[in-house]
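In the order they appear, the protein sequences are chains A and B.
Each residue of the first sequence is one higher than the one before, starting from 25 at the first, in this note's numbering.
Each residue of the second sequence is one higher than the one before, starting from 25 at the first, in this note's numbering.
Be careful, since some hints might not be right.
Note that the list lumps identical chains together, so a pair holds whenever it fits in one copy or between two copies.
[Said to hold, decoys possible] Heads up, simulated DSSO-like pairs for lysine-lysine below, C-alpha to C-alpha not over 30 Å straight-line:
1. 153 - 27
2. 131 - 148
3. 185 - 28
4. 157 - 104
5. 28 - 52
6. 157 - 134
7. 129 - 27
8. 34 - 104
9. 200 - 104
10. 28 - 104
11. 52 - 200
12. 88 - 157
13. 200 - 185
14. 129 - 52
15. 153 - 167
16. 52 - 175
17. 157 - 200
18. 167 - 157
19. 134 - 200
20. 88 - 200
21. 129 - 196
22. 27 - 175
23. 28 - 157
No lab work stands behind these hints: they were computed from the structure.
Number of protein chains: 2
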Amino acid sequence: MPKKLYPLSKVYGLLEPGPVVLVSTQTKTGPNIMTMSWHTMMEFEPPMIGCVISSRNYTFRILKTTRECVISIPTVEIAKQMVGIGNSSGRDINKFEVFGLTPGKAKLVKAPLIDECYINLECKVVDTKLVSKYNFFILEVVKAWINPAMKSPRTIHHQGKGRFMVSGEIIKLPSKMK
Amino acid sequence: MPKKLYPLSKVYGLLEPGPVVLVSTQTKTGPNIMTMSWHTMMEFEPPMIGCVISSRNYTFRILKTTRECVISIPTVEIAKQMVGIGNSSGRDINKFEVFGLTPGKAKLVKAPLIDECYINLECKVVDTKLVSKYNFFILEVVKAWINPAMKSPRTIHHQGKGRFMVSGEIIKLPSKMK
Chain A
25 MPKKLYPLSK VYGLLEPGPV VLVSTQTKTG PNIMTMSWHT MMEFEPPMIG
75 CVISSRNYTF RILKTTRECV ISIPTVEIAK QMVGIGNSSG RDINKFEVFG
125 LTPGKAKLVK APLIDECYIN LECKVVDTKL VSKYNFFILE VVKAWINPAM
175 KSPRTIHHQG KGRFMVSGEI IKLPSKMK
Chain B
25 MPKKLYPLSK VYGLLEPGPV VLVSTQTKTG PNIMTMSWHT MMEFEPPMIG
75 CVISSRNYTF RILKTTRECV ISIPTVEIAK QMVGIGNSSG RDINKFEVFG
125 LTPGKAKLVK APLIDECYIN LECKVVDTKL VSKYNFFILE VVKAWINPAM
175 KSPRTIHHQG KGRFMVSGEI IKLPSKMK
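Bound-form chain A, shown alone:
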């Protein structure tokens, strides 16, 4: 799938609206993916992301050890795969294979991109101070990719218990907010 570098200074505008994201990681034996909604921007540039990854998730230990991941933004076209990924564990299956997703080669981390996603953000863990108490990781985005072929990406937003909002209408209002 086509991909193009995306400016790091604009990454906040992708995550600030609150989409469900996929988090991919790489172990010695293979890649893994999880679904995540508990994330927030923490800095514009370099872009920093704070996120909660439960210690019950397979990804938790991989991220603690490798300190690298890719955060990908799926669109509604792959909503079913996204839910399947959230409903299964990488301890049991290779999710790229089971859900028919294509791992792509990242530049600065070993974790794979997900070719079917609109956005791929290569991330390094930079602060683990709140991991023991809140499972809260702070990441820095070191490289960002966009699929320029997706002109009107419809992102997915979790409202709990399998209920999702799909991004709707865009409005513009004169704002001094960055």
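Given the coordinates of chain A, work out where chain B should sit on it, guided by the hints.
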């Protein structure tokens, strides 16, 4: 405006989709409101919220001192007021008055509810460990209110620089995710 208690166990589903929220606080001289998009859930129950509030904002010092706020979720009907709140400072104006919003009485905090909002969450600051480095506050929601008259609330999601996505279609997919 009508309001009804909302179960604390369901609060995560309101913030997980990533809406722009308003943060109200109370000083000795009056109330204030700011606009915020950098927030994440951190725990289901009691619901905990992590959020970044810049030290340049008037709210930063109030929140550090009073350790209380109300997080309100506006809908598209008051998008213009929301942007006005983000474009001005409570150092200069009383935002409730200027933007024609109605302060409501909270039960467990001194900060006011915003009657025109769909949701009002009374919050206490419970952890300030990351405030000095990242302006990151951790809040506990101690009381939650919903306006039961709003049947299809359309929330607002910031994409940067005055561009907002309005929440769209709802889809249901069988998910084990909470």
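Each hint, compared with the structure:
no. : hint      : result
1   : 153 - 27  : neither (34 Å within a copy, 39 Å between copies)
2   : 131 - 148 : within (12 Å within a copy, 42 Å between copies)
3   : 185 - 28  : between (34 Å within a copy, 22 Å between copies)
4   : 157 - 104 : neither (32 Å within a copy, 39 Å between copies)
5   : 28 - 52   : within (28 Å within a copy, 52 Å between copies)
6   : 157 - 134 : both (27 Å within a copy, 28 Å between copies)
7   : 129 - 27  : within (11 Å within a copy, 51 Å between copies)
8   : 34 - 104  : both (28 Å within a copy, 24 Å between copies)
9   : 200 - 104 : between (37 Å within a copy, 13 Å between copies)
10  : 28 - 104  : within (25 Å within a copy, 34 Å between copies)
11  : 52 - 200  : between (46 Å within a copy, 28 Å between copies)
12  : 88 - 157  : both (14 Å within a copy, 21 Å between copies)
13  : 200 - 185 : between (36 Å within a copy, 7 Å between copies)
14  : 129 - 52  : within (15 Å within a copy, 56 Å between copies)
15  : 153 - 167 : both (23 Å within a copy, 28 Å between copies)
16  : 52 - 175  : neither (36 Å within a copy, 50 Å between copies)
17  : 157 - 200 : between (36 Å within a copy, 24 Å between copies)
18  : 167 - 157 : both (29 Å within a copy, 23 Å between copies)
19  : 134 - 200 : between (38 Å within a copy, 29 Å between copies)
20  : 88 - 200  : between (38 Å within a copy, 25 Å between copies)
21  : 129 - 196 : neither (36 Å within a copy, 32 Å between copies)
22  : 27 - 175  : within (13 Å within a copy, 40 Å between copies)
23  : 28 - 157  : neither (38 Å within a copy, 33 Å between copies)
Hint compliance for this structure: hints 1, 4, 16, 21 and 23 are broken, all remaining hints hold.
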